[in-house]
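Chemist: Sequence:
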Amino acid sequence: MLEQGSLYQDNDHALFKALISTRAVKVLKTLKMEDLDGLERLFYGMKHQLDAQLIDECIRKGILIECEGRAEFSSPIMWRYFVKMRVGHIERAVYGPKTLQEMIARVIRAINYDSIRETLGRTLSNDIPLERAWQMEFYKASYRCTPSSCVTSADVGALFGSTEFIDFTVHCGDDFWGIELLRDGSNLDEHIDRFAPGGPYSLLQLSDYCLVDFRRVSSMGDMTMSTITLDLNHCAKLYVVCYDPTLAHVSILNAQSVWNIL
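Each residue of the sequence shown is one higher than the one before, starting from 1 at the first, in the UniProt record's numbering.
If you're looking for bench data, these hints aren't it; they were derived computationally from the structure.
C-beta atoms are modelled at their ideal positions from N, C-alpha and C, and glycine is treated no differently.
Take these hints with a grain of salt, some might be off.
[To be verified] Derived lysine to aspartate or glutamate pairs resembling EDC-like cross-links, with alpha carbons at most 20 Å apart:
no., residue 1, residue 2
1, K140, E118
2, K29, D56
3, K237, D189
4, K29, E57
5, K61, E72
6, K26, E57
7, K84, E131
8, K32, E68
9, K84, D35
10, K26, E72
11, K84, D37
[As the list claims (entries may be wrong)] Computed beta-carbon distance windows for the label pairs:
no., residue 1, residue 2, range
12, E72, M225, 36 to 46 Å
13, D51, Y95, 37 to 47 Å
14, E66, G173, 38 to 48 Å
15, Q53, P197, 48 to 58 Å
Produce the entire structure from the sequences given, and follow the hints as far as they go.
Modeler: So this is what it looks like as structure tokens:
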């Protein structure tokens, strides 16, 4: 069943609902809102004086585990449920996107760039927002841009022991889309190959898919555009989101069009 791909598409949401009803996962509901805020801070690598106490409490409850000197969620399902709790209060759209391209355009416009700019984790070496920061804000924006009849899932494959987790799937009616996020073109060919026939994502039997690559650029000069153009010509499913260091200007480029968001 897994080899045919149907296990992911048909049973992922049902399995997720069953697992979050277990006592081991429902323990997340015992946390207060400020504790959930603290977990999100930890997730982005941000420090706070109360975090040590929160980590101890979450380890005792089985929410977190210690791994190589850092705290991580105890299981993929625990992480996925935490993300769901963080977006559960978001008001959904009335109408869903008709195509994956429309979905991407909606989501990139709806991302909270103030949150990315001001509060989220960044790399120490070059102050670029972490990939997980983009993932969380992308997930929140995808909720704003789809109705409740659409099921958006994060880290699909983790429930089934796969070593390659696609970042998001969106199930709207007969459409089943897959979305993979990248940062600054890192391992682009590897991500493209995951969707190829025989690749790990081919098992999902997606009706469409795309890769969204967030790239910080100092300017849209000839060298930058040359590199982006080569990548876009290499993969028609690629969307490159270019933003300046202050996130004052954001544009989306793909092989067919360019959209200026900010």
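Chemist: Run every hint past the structure and note whether it holds.
Modeler: Results for each hint:
For the proposed pair K140 and E118, the alpha carbon gap of about 17 Å is at most 20 Å, so the pair holds. Annotation: proposed proximity of K29 to D56 holds, straight-line Cα distance about 17 Å (limit 20 Å). Using a Cα cut-off of 20 Å, the hinted pair K237 and D189 holds, with the two alpha carbons roughly 12 Å apart. Between K29 and E57, the direct Cα distance comes to roughly 13 Å. Compliance with the 20 Å bound is thereby established for this hinted pair.
A C-alpha spacing of about 13 Å is found between K61 and E72, which places the hinted pair at or below 20 Å, so the restraint holds. Of the supplied pair hints, the one linking K26 and E57 holds, its CA atoms being roughly 15 Å apart against a limit of 20 Å. Distance hint between K84 and E131 is fulfilled; the C-alpha atoms sit about 18 Å from each other, no more than 20 Å. Taking the CA atoms of K32 and E68, the gap is near 27 Å; set against the 20 Å cutoff, the hint is violated.
Note on K84 and D35: the hinted pairing holds, with a Cα-Cα distance of about 15 Å set against a maximum of 20 Å. With a C-alpha separation of about 17 Å, the suggested pairing of K26 with E72 holds against the 20 Å cut-off. Pair hint K84 plus D37 holds up; C-alpha atoms about 14 Å apart against a cutoff of 20 Å. Evaluation of the 36 to 46 Å hint for E72 and M225 yields a pass: the beta carbon distance comes to about 39 Å.
Checked against the hint of 37 to 47 Å, the C-beta distance between D51 and Y95 comes to roughly 41 Å, which is consistent with it. Judged by the Cβ atoms, the range 38 to 48 Å given for E66 and G173 holds: they are separated by roughly 43 Å. Range check, Q53 to P197: Cβ separation about 50 Å, and the 48 to 58 Å hint holds.
In this structure, only the earlier hint numbered 8 is contradicted, and the remaining ones agree with it.
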